[in-house]
Each structure stands twice: as C-alpha cells, then as structure tokens.
Amino acid sequence: MKEKVSIVWPEAHYRLRQETGAAAPELLQEVRREAWARFVAQGFPTLKQERWRFTDVSALAESDWCQALEFAGPDRLPVGEAALLDPSAYRLVFINGRFSPQESRLPDGAESFTLHLSSALHNGMLERAGERMRETMAQSETPFALLNAALAEESVVVTIPDRLSLLVPLEIVHHVDTPDPAVVHPRVVVFMGDRSEAQLTEIYSGGADSHHFTNPVVDVVIGAESRLTHYVVQRESPAAHHISYTRATLGRASQYGRFAFDFGGRLVRHDLTVELAGQEAEATLHGLYMPEGRQHIDHHTTLRHLQPHTYSRQLYKGILQDKAHAVFNGRIFVAREAQRTDAIQHNKNLLLSDEALADSQPQLEIFADDVRCTHGGAIGQMDQEGLFYLQSRGIGAALARQIMVHAFAGEISAAIRSEFLRTQIEQLVHERLGSEE
Amino acid sequence: MLEIRDLRVGIEGREILKGITLTVQPGEVHAIMGPNGSGKSTLAQVLAGRSGYEILGGEVRYQGLDLLKLAPELRAREGVFLAFQYPVEIPGVNTSYFLRTALNEVRAHRGESRLGAADFLKQVREKLKLVEMDPVFLNRSINEGFSGGEKKRNEILQMAVLQPRLAILDETDSGLDIDALRIVAGGVNKLRAPDNAFVVVTHYQRLLNYIVPDFVHVLYDGRIVRSGDKSLALELEANGYDDIKLRAAQAALTA
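The listed protein sequences correspond, in order, to chains A and B. For the first sequence, our numbering assigns the number 104 to the initial residue and increments by one for each residue that follows. For the second sequence, our numbering assigns the number 4 to the initial residue and increments by one for each residue that follows.
If you are wondering where the hints come from, they were derived from the structure by calculation, not from laboratory data. Don't take every hint at face value.
What the hints assert, rightly or not - Calculated Cβ distances over 10 angstroms to all of chain A for the following chain B residues:
{"hint": "1", "residue": "G22"}
{"hint": "2", "residue": "P29"}
{"hint": "3", "residue": "G30"}
{"hint": "4", "residue": "A74"}
{"hint": "5", "residue": "L85"}
{"hint": "6", "residue": "P90"}
{"hint": "7", "residue": "I93"}
{"hint": "8", "residue": "F101"}
{"hint": "9", "residue": "A105"}
{"hint": "10", "residue": "H112"}
{"hint": "11", "residue": "D137"}
{"hint": "12", "residue": "N142"}
{"hint": "13", "residue": "Y207"}
{"hint": "14", "residue": "D232"}
As the list claims (entries may be wrong) - To be clear about the criterion: a stretch of chain A counts as covered by chain B if any three or more of its residues have a C-beta under 8 angstroms from a C-beta of chain B, and this derived list gives those stretches:
{"hint": "15", "stretch": "483–495"}
{"hint": "16", "stretch": "504–511"}
Note that CB positions come from ideal geometry on N, CA and C, so glycine has one too.
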C-alpha cells in the first residue's frame, strides 16, 4: 500500500489559484488543471521512493505554508542584495513572488528579444509557451514540478530570436522575506532561436532568517548552433527550502553551459534534465555546493543523449562542513540511436568534518554500443600529502588547509566565464570558508 | 647544526630506524646511501615532520632546538627543507602564489618584512635561471602535469627561494635523466655555503659525482653500518650492497 503524505496546504493554495487565475487563457488553465490532477495522484515523495531516499520532504509537506504573495512586503530589494546584481544586466526581479518594476531593468522595446510575463502573452507566443509548459509538466519526474505548474501565478517567458548575440546578461531574481513561512513557485521559459547566444542568471535570495520554500521550474529550449550560459546562484537563508526543476532541450550543435552554486538553504533539492536532442549538441555542467551546519543539498541530474555525436561533461563538487549532508545522483541515458555519445561525469566531495556526509551515485543507462561514458567520484577528507607539502615549506597548518580548500573550489570558479560572477562567487566562497590571508 | 642521537622510529608498530646517530656541521654535505627499505626515506621524512611515525627513542637537536617537537611549518621556518622524492601535485594552487606565501611565512618568522608581488617576481626570476626553468611554470598549479624532471627542478627552485640552513634531498636523483640530474645538481652546488648543510639521500652513487659529499653513511636495516668519505660511495658503486648485507648478517650471528 502506498503511503500518502497529506496535501492540505497545496489543496488550499490550488483552490485559491483557481479563483485568482480564472481569467487566465484557457490553455494555461488546462495546464494547471492537468498538473494538479497529476500531483494529487502522485502526492509528495517519501523516503521509500528511490529518487527521494536521501531527501526527506515530510516536514515540508506537513508545514503550514502561506503564499508569499499574501505579504505585501517591500517593493525594493535590500541594499546588500541589490549590490550583488550585475549592473550591466537586464533583469526581472520578484519580491515575495511579486514582480517589482522598480528593481527590474527591461529592454526598451528597441531590442529584438523579449522578456514577458505570462499574463501579458498573446497569440502564437502564448500557445508556444503553454504547450511547452504542458510537455515539461507531463514528463517531469518530480511532483514538485507538477506543484509548480498547478500553483505558479506568473511565468517569465524570454524569447531570443535567430542570430542574436545578446551581450548583456539576463538576470531573474527571486527574493523572499516573509514574517510567516511562505511558498513561491517561480517559473521561467526561455526560447532561443538558431545561432543565437545569451547568458541567463537565476538568483535566489532571502531575508537572513526567512523560513520560506522556493519551488522554481526553469525551462529552456536552445535552437541549432546556439549557445546559452546558465548560472544559478542560490544563496537563500539557512532556514529556507529550495526545490527546483530545470529542463533544457538542446538543438543541433548547440552548447549549453551551466553553473549551479548553492550556499544557502536548509533543504535543497535540484532536479535537472538535459536533453541532447540534436546531433553534436554539447552540455557542460558545473556545480559547487558548500553546505554547513545541518544543511542538506541534493542534486539529481539526468543527461538524455538522444542523437549521435552528442557530448556532455559534468563536474559537481561539494565542500561539506559540520553536520551537512550532500547527495549527488547523476543519470546518463544514451538512446539506441545516439551513437558516438561522449559523456563524462564527476562528483567530488571534500568533507571538512567527521560528521559531514556525502552520498554519490552514478546511474548509466546505455542503449547504444559505440559510446564513451565514464563516471568518477571521490568523497574524502583533505589531501594530507598536499597539506604536508605546504607545511613543509613554512606555511602554517590553518592557512595550508584554507589554501587546499580554496583550490578545490577554484576548479569550478575558474571556469566561470562571466568576470562579474566569478569575482562574486569567489567572494562567497571566501565568506563561507574564511579568507586566505 | 644537526645532532641525531640514537633515533629510533617506527611505523604501524614496526621499527624502521633502530638507533641512528649522526652529526652534521655547517658547510658539510652528508650522503646517506643504502639499499631499498633500509630506512633512508623514513629518516628524511621524520626530520621534515611528516606525521604517522612513532618516535620510539632518541632525540634530534637542530640549532639548539628539539626538532621533533616542532610542527613541520616551524621546522621549515627555522631553515629545514626537504626536497621530496615524490613532489605533490596540488591542482588549483598557483606555483607563484605558493612560493610567495611560503617565502613570506619564512621571512615573517625571521622578522623580515613581507615581499610584495613585484619584488618577489624579481627574486624568483633569478632563481629560475639556476634550475633552467621557464617562468611559465610560475603560473601553473603546483607540480600539476609537470614531468618528473620538472618536479625535481621545482623542488630545487623552492629550496633556492627559501634558502634553508639544512636541506635534505630525498632521492632527488630518482627518475632523472642525465641532463636533468646535471641541472638539479648544479642548482644544489650553487646553493652550497659555509653556513648551510646538506643531507643527500640516494640509492645510487651517480648523483654524488655531481654533488660531492664530505661524508658518506651507509644505512642498512635501520642502522648506519658504515661511514666514510666520498671513496666509500665509489666502493659501493663497484661492489653493490651485497657486501654490506653479508657483513650485517654475520654481525647479527655473532651478536
């Protein structure tokens, strides 16, 4: 018999959403209803489910969440947060789930790309976005993506036309700070045409002690020979819950570069599906997570190699302190026709405390016969040989440890192409670990 | 400068060094030779402060200090340097940053001011010439992807930058071709001075053609079984270690 967790708060929120969203286009309402029906059938995951056996969401399921939208909240970001945004970027800022025109910086209409809220969509765009949302909802393996589709109030839809190289980064910022525990369901859909180029940065932040739940779904379609660099910087409060679902579909000879950084969150879970749906598509994924205290950070990635000559690289690194727990599950699926697939996956965890724990699991499902698929993992304490080497040159033990840890993180931060973000991430790493000098 | 008295060291319950006594004066070069497994590398590691060894007895005085009580970094700051047999690769740590940090730690200990990046670079460029290393190595991660010869030259470079009083070379010749050996030995010879000393640990006599020792000690089964001048190394080269092993066995029988 399947054990069910109560869905009291989702039911209340869904009833409310049906009222507030009654005027939405019929297509979007259909998607919402279908998502809800699927969610009710699945319910919240339990530890008995294979993909959730390390991540316990029962407390989250049973909490009494408000909708963040209920709180009027500030309409400006705290000064400290605003300072962490790229001054050159276009951005959409949401505070407690509500769009903030004051903090946002939109293209002036002369630009050929668009940043739209779903409520302002019409004609072909509405149909395209709605159909994509429906498809993503239907194929997602996590009930939280269904919950997002059922409860999300507003989506952001970005379209980048063929042959446009967007030199300015696009930032999508979600900041939550509510007096009572509250939930937001951010949703982003990005359509890139052929031979285009863009940088997308998702930023999640919150009040210092804010106890909230962020449940984003980000959906990306990359056209032929296009290139998207996608950064996710999650630096929410140590009490926050963050459960995300990301789907990226890569066209022929396109390139998807992704960096996921996790500093905040009490309970964090990321499900990522990358579909290499065109020949010679390339995905290069990096992750860096640095939990401390009792933080729990879980990455589940799925690389779907669907066409020949596709390429993927994954490097996920964790630096764990105190009683932190990290989970990495990397699934690589290679379809029968995806010959000459080249897929490599690495997960490395550095445990800085005896009580920290990392679980790492590769999962290869290969149906083609001419492929190169490898995975590697390492979970360990500090490299004692390296430490002794530094000390034997006069470098004090504490500094030597810091140098070693920074070097471990440096492999990821050095790969960041955006100089603005590289500097910022290095700063966040320093703050988390203590500075070198 | 260095006085080792009846040093006994074990690892995982097994005694490796069974009573080593050795005195090194400033300006001297001592070669420690011996077959594999005789304890040569253990002696080098213990002097540099690697953890994992048990000190079972004896003591080591270095410039009046109880060396074995000092943390590895304090030994280094006091002027002890170990050139590693297997230099460690540390991805992500820039060689130049590493060298400058180490030098500044040593300088701070000596009461000298910190060197800025520009002054440091000027100094290190001179030292690079000593070991015929390309400055591009400074911008690479420590030893990462270096060839065997490059790693050993990097050890000598570090020695040249830190200017130790007592340098211990652990099998620095192993895995080197003749050109690399000549460069490494040349670097060492240029650093020889009346106020510093070298302990050269080696299996083969070859290195001692280039770094000429004042004393040669033969370590066998955790003990110094013979000491002499450089001619002892030549004798070992001619006869191998069998004679040493035989005599040790006979001594054990008569004991």
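| Is it correct that the beta-carbon of I93(B) has no partner in chain A closer than or equal to 10 angstroms? | violated, 5 angstroms
| chain A versus P29(B) - minimum CB to CB distance exceeding 10 angstroms, so not interface | holds, 20 angstroms
| message | Using Cβ atoms and 10 angstroms as the threshold, tell me whether L85(B) really stays out of contact range of chain A. | response | violated, 6 angstroms
| message | Please check whether the stretch 504–511 of chain A has three or more residues whose CB lies within less than 8 angstroms of a CB on chain B. | response | holds (count 5)
| query | Does D137(B) really sit off the interface, with its C-beta more than 10 angstroms from all C-beta atoms of chain A? | reply | Given that every Cβ of chain A is farther than 10 angstroms from that of D137(B), nearest at about 21 angstroms, it holds.
| message | Beyond 10 angstroms on every Cβ pair: is that true for H112(B) relative to chain A? | response | violated, 7 angstroms
| field | Non-interface claim for Y207(B) versus chain A (Cβ beyond 10 angstroms) | value | With a cut-off of 10 angstroms, Y207(B) remains clear of chain A, as the shortest Cβ separation is near 24 angstroms.
| query | Under a C-beta cut-off of less than 8 angstroms, do 3 or more residues of the stretch 483–495 of chain A approach chain B closely enough to confirm the stated coverage? | reply | Our answer is that it holds, as 9 residues pass the Cβ test (under 8 angstroms) against chain B, meeting three.
| Claimed clearance of chain A by A105(B), with the beta carbon kept past 10 angstroms | violated, 4 angstroms
| Non-interface claim for F101(B) versus chain A (Cβ beyond 10 angstroms) | At about 7 angstroms from chain A, F101(B) fails to clear the 10 angstroms cut-off, so the statement is violated.
| message | A cut-off of 10 angstroms on Cβ-Cβ distance, and G22(B) was said to be off the interface with chain A. Does that hold? | response | About 25 angstroms separates G22(B) from the closest Cβ of chain A, which puts it past 10 angstroms; holds.
| query | Minimum Cβ separation between N142(B) and chain A greater than 10 angstroms? | reply | holds, 12 angstroms
Figure legend: structure checked against the earlier numbered hints; hints not met, in rising order: 4, 5, 6, 7, 8, 9, 10.
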